[in-house]
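We have chain A; now place chain B onto it with these hints.
Protein chains: 2
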Amino acid sequence: MFKAYCKAKLPLIDEALQKAMTIEGEIAPTIFDSMRYSLFAGGKRLRPVLLLAAADAVGADGNKFLNVACGLEMIHTYSLIHDDLPAMDNDDYRRGKLTNHKVYGEGIAVLAGDSLLTYAFETMLSQEGVEPKTLLRVVKEIASAAGPEGMVGGQVIDMESEGKAVSLDTLQQMHRAKTGALFRAAVRAGAILGGASDEEVEALTVYAEKFGLAFQITDDILDVIGTAEAIGKPVGSDLKNNKSTYVTLHSVEIAQQMAKETVDDAIEALAMFGERGAVLKDLVEYLLKRES
Amino acid sequence: MFKAYCKAKLPLIDEALQKAMTIEGEIAPTIFDSMRYSLFAGGKRLRPVLLLAAADAVGADGNKFLNVACGLEMIHTYSLIHDDLPAMDNDDYRRGKLTNHKVYGEGIAVLAGDSLLTYAFETMLSQEGVEPKTLLRVVKEIASAAGPEGMVGGQVIDMESEGKAVSLDTLQQMHRAKTGALFRAAVRAGAILGGASDEEVEALTVYAEKFGLAFQITDDILDVIGTAEAIGKPVGSDLKNNKSTYVTLHSVEIAQQMAKETVDDAIEALAMFGERGAVLKDLVEYLLKRES
Chain A
67 MFKAYCKAKL
77 PLIDEALQKA
87 MTIEGEIAPT
97 IFDSMRYSLF
107 AGGKRLRPVL
117 LLAAADAVGA
127 DGNKFLNVAC
137 GLEMIHTYSL
147 IHDDLPAMDN
157 DDYRRGKLTN
167 HKVYGEGIAV
177 LAGDSLLTYA
187 FETMLSQEGV
197 EPKTLLRVVK
207 EIASAAGPEG
217 MVGGQVIDME
227 SEGKAVSLDT
237 LQQMHRAKTG
247 ALFRAAVRAG
257 AILGGASDEE
267 VEALTVYAEK
277 FGLAFQITDD
287 ILDVIGTAEA
297 IGKPVGSDLK
307 NNKSTYVTLH
317 SVEIAQQMAK
327 ETVDDAIEAL
337 AMFGERGAVL
347 KDLVEYLLKR
357 ES
Chain B
67 MFKAYCKAKL
77 PLIDEALQKA
87 MTIEGEIAPT
97 IFDSMRYSLF
107 AGGKRLRPVL
117 LLAAADAVGA
127 DGNKFLNVAC
137 GLEMIHTYSL
147 IHDDLPAMDN
157 DDYRRGKLTN
167 HKVYGEGIAV
177 LAGDSLLTYA
187 FETMLSQEGV
197 EPKTLLRVVK
207 EIASAAGPEG
217 MVGGQVIDME
227 SEGKAVSLDT
237 LQQMHRAKTG
247 ALFRAAVRAG
257 AILGGASDEE
267 VEALTVYAEK
277 FGLAFQITDD
287 ILDVIGTAEA
297 IGKPVGSDLK
307 NNKSTYVTLH
317 SVEIAQQMAK
327 ETVDDAIEAL
337 AMFGERGAVL
347 KDLVEYLLKR
357 ES
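Each protein sequence line maps, in turn, to chains A and B. Okay, so the first sequence: first residue is 67 according to our numbering, each after it adds one. Okay, so the second sequence: first residue is 67 according to our numbering, each after it adds one.
Think of the hints as simulated: they come from the structure by calculation, not from any bench. Note that the structure is a prediction, hence the values are computed from the model and not measured. There are no misleading hints in this set.
You can't tell identical chains apart in this list, so a pair holds if it fits in one copy or across any two.
Mimicking DSBU-like on lysine-lysine, the simulated pairs with C-alpha atoms at most 35 angstroms apart in a straight line are: (1) K206 x K85; (2) K163 x K355; (3) K347 x K163; (4) K168 x K309; (5) K230 x K85.
Chain A with its partners taken away, still in its complex shape (with noise of 0.2 angstroms):
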């Protein structure tokens, strides 16, 4: 169910990118090519499809909402850039393309990176079919999960936190903050733009925070048992960079447990929406399967 929804969704999430990005008259031609050449490097567009779900979950037409969840993967497409800058992960490789700075040169990169973050709130903004004042609600929640209080906080934690050991407790507020609070606005935003009651609000937000940290999770296990292949850029790299992760401070095995744990706990938030919550189910099931 879950391949069946992202291949109806993707090709929709991709052509409203590509308008968004088609602009008459670009004053400056190379950061619009730069923009593009992150936004379209084969992300799996998490972030716009579990919007679309979230929203379709509560009875309504996620597809009505897709410049909000455009906006998402500016961020997220931002947030990669600038993480991949010399002076931060230094890396030359993403999704096994080279990374921005490296086509385009570190100016160019951090200019794309800003010109994407400036961009998806242009693009939220101008989503139509929606109350101004929920719109308001949704876009300035996204903000915050974006910002010094949520990604961009988390990522200077785990600046600081390099070649050091680290505690379950800072691991967690990290990860929190650095993807978890994206995931949670996106599943928040399709809720709120989609009409849900506050209660379905709060049991897709429990989803929400479950599904980031399962995210996370495998994400650090994929590190250690992963292909170079399939993710797209070298493994080992955690360990090699002294990085605590949930399998350096635990195993592999009880990390794996721990992801097993914790997307049940995602599935049992679904339990209201009952044959509606299915397409989330199979999403957070997914990340326990998947090799990149």
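Here is chain B on its own, set in the frame of chain A:
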């Protein structure tokens, strides 16, 4: 009058910025420190002042829109942090103080910029006392002014023009995007938030465009005849970097004449506001006298 206005407004703007930057339970204190470092490094707060003055000019109380005004200052500050990076202008000093990356390192400086940009949107979208529809319109326009077709696009043209002789056309397009767009958005935001008529918004848009042009011409003049003490960075850098400016394309005298005429045009656009336009008139006249 302009001095009295600034004396009254700057403390309000700074207080609002301080309040916005005071966050309970910061998860990553370093990032807030670095954001605050640049945000309180002696900026002239021109964009917030323009917003407040435009709202006042159309008969509203600009003080009611401090959140949006602060967002503009955050966007301006983020752009300075990223412009100063080694991959861009590689500047060690700004307003007489070490640049962000010289104090916090490049990685944190990139993230401080990202964070200020994101937090600007969160702050603006939290503006109370405005119709949601109007707030959406204004913030969307600010996003557009700051993005690939505005400020970031202008920065790209600037980078690509480095060391090249460029035409007056390219120079004007670059400045219109790099600095003009955000001045324009500041003035228009104040007018629209203040409930201006279409005619008033139109007139203030002309004013803002002339303001931006006069700002740039006087900036170029200062780089030649200003003092390093007043500006807070070395003078003569444009000539040294073989950069085309209004002065290198013409002469100091002709540039001064152009600045004077542009300021006159800006003042002419204020005709319909009578006495209420007095602060905006003083504000643009100040550009001819400024020393930094």
